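What follows is the residue order along each chain.
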Amino acid sequence: MELPCGVSKSTYAQDMAVVHTRTQWGLLGILLAFLCVLPFFLNSLWLGIVIHTSIVLIAVLGLHILTGLCGQISLGQAAFLGVGAYASTLLCAKLNFPLPISIIGAAIFSGCFGIIFGLPALRVKGFYLAMSTLAAQFIIIYLFIHVRFAGGSQGIFVPIPQFLESKINLYFIIMGTAVLATAFAKNISRTKAGRIFVAIRDNDLAAEVIGIRLSYYKLLAFFICSLYAGIAGALYSLYIGHINYEHFSLMDSIWYLGMLVVGGLGSTSGAVFGVIFISLLSKGTSLLASQMPSLGPQVASTIGIIVFGLILVLFLIFEPRGLSHRWEIFKKFYRIWPFSY
Amino acid sequence: MTLFLQFAIAGITMGALYSLIALGFVLIYKSSKILNFAQGEFVLVGGYVGLFFITKLGLPIWLGVVLLVATLALLGFVIEKLTIRPLVGQPILAIIIMTLGLSLLINGTVICITGSELGTFPQFIPTAPIKIGGAVFSQVYAWCFGIAVILVALSTYFFLYTRYGLYMRATAESHEVAQSVGIKVRSTFTLAWVIAAAIGGIGGFLLGIIMGVSGDLSEFGLKVFPVVLLGGLESIPGAIIGGMVIGLLENVAAGYLDPLMGGGGHRSFSVYYHGDNPYI
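Chains as they are written, first to last, in the working numbering: chain A, 1 to 341; chain B, 1 to 280.
Treat the hints loosely; a few may be bogus.
These stretches of chain B come out as covered by chain A in the derived footprint (C-beta under 8 Å, 3 or more residues) [as the list claims (entries may be wrong)]:
#1 93 to 106
#2 225 to 234
If you want the ones that stay clear, here's a sample from chain A, every Cβ over 10 Å from chain B, calculated [to be verified]:
#3 Phe127
#4 Tyr128
#5 Lys192
#6 Ile254
#7 Gly258
Hints listed in this document are in silico derivations from the structure and should not be mistaken for laboratory results. Predicted model only: the values in this text are computed from it and were never measured. Every residue gets a Cβ at the ideal spot worked out from N, C-alpha and C, and that includes glycine.
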């Protein structure tokens, strides 16, 4: 961590702090205040984009804990979002639970689902794990279509409480959850569990040799990841109002993984950067293409994916450590600017 | 029994095509330990490039196929040189993401250019149906099965009995040893990608003959994974047998389960249910 000149730390707690200086506290306060007033300045299109981005951020943070910290590849994150969305809707609509309880219930249910599909991780890793999570993606979507009370391929309508009809209220709930989720993810990486995750990622054999219970911690990572996905899914169902299996496709899982890589694997700020960058870029290019009807409809519908694929490829070739690494370089440059000698 | 035979014949034909496409995947994995999630996009590109040369430009079939193979080989060459080479030594996650990104890029570009419209090849295979036992099926299946089997046999011959096949097997065994006896490991990697792309393209052409060319072709790339998991990532006979088993399983399961349970989708479920267990 690069700090301004003259900042010295005398205790362990100071050294471990996330926010070090008064300036950083100030910047954090400004950011939070900005997020509070943001919805009043946006039209409904951009408000929707911001809400969707924060939901994606929660999902990607979960994936960050599983893939970025613990090193387990998951190609099924979108399906776990689906589990959360369906569980929360069914708890709310069929069993008449109050909304907050059904969201929490959905998160825990999704987490348990994640443990079930995380079980192969105890035996396999790398490519085989990617395949078994890919299988999870297909099997869960199959369940959405074929389980009787999930509404089949038509999907189900989500009962939305009165006060969430207004998009601004929804924004505050979702953005608040996203901010809390970010803080939580940042702190997980500093706890015992977080350090164990990193140890497992770097060398699982060595981790086991120094006495880490691999099976417990791998499943814990899957649980936390799916918990995040469950929360994101439940919020997503509130945002779109009607869910069916098409909202949770393999393509979304790939997007989440791609955002994580573009942002920088293994750092919380990387996940945030990646989500914001990719979301804005793909939405921006789609909007731009739809402004130019002479290009034809298929250009507008595919340009987002083309740009995303291109960005992924370029980042992996030229900056495999992602945007967060670039950000560190930028900060390092700025710390001593303009007298860099 | 007749019904079973009907499903089985369709299944084995699809299986032969799966084997062919999976062969390209295994080839890349064997020589360079890279998992190619873009194999399905080679199939897609193969279908549309074939459509362009044969249906749009009206070239004769043989010339169209030669040009198709050349185009796909060039695509494989460019991909290997530009995107895969910089990743040597990176963790497996980076490689998976890279090939996923490539597959999105290629898929998006193809759909952007073609609009994902359904296209068909001109009729050049006789249409008279063939009867085996009580089952009736169109001659296209027999032709595609035959061509796929010939191509698989050719590739096997290439690996076992030619100089470059030997180079490839040596590279797969150990990069250092292969290098020390004077094999150019890098050009072997490139060759693997070129062949894999060309094989995938032909697979796309054959699939296009059976079911028409559309954006769905790339989904066959995903089917390759259960095939190689079943057959073993590094085994060419495994890919062949795995392709047959998956094709058969898929068609029989879809044939018998779909009418019973309704809704479709058992096809891919049965495939991934088996694909889930790498040890079978």
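Q.
Going through the numbered hints above, which ones does this structure break? Give me the numbers in ascending order.
A. 3, 4, 6 and 7
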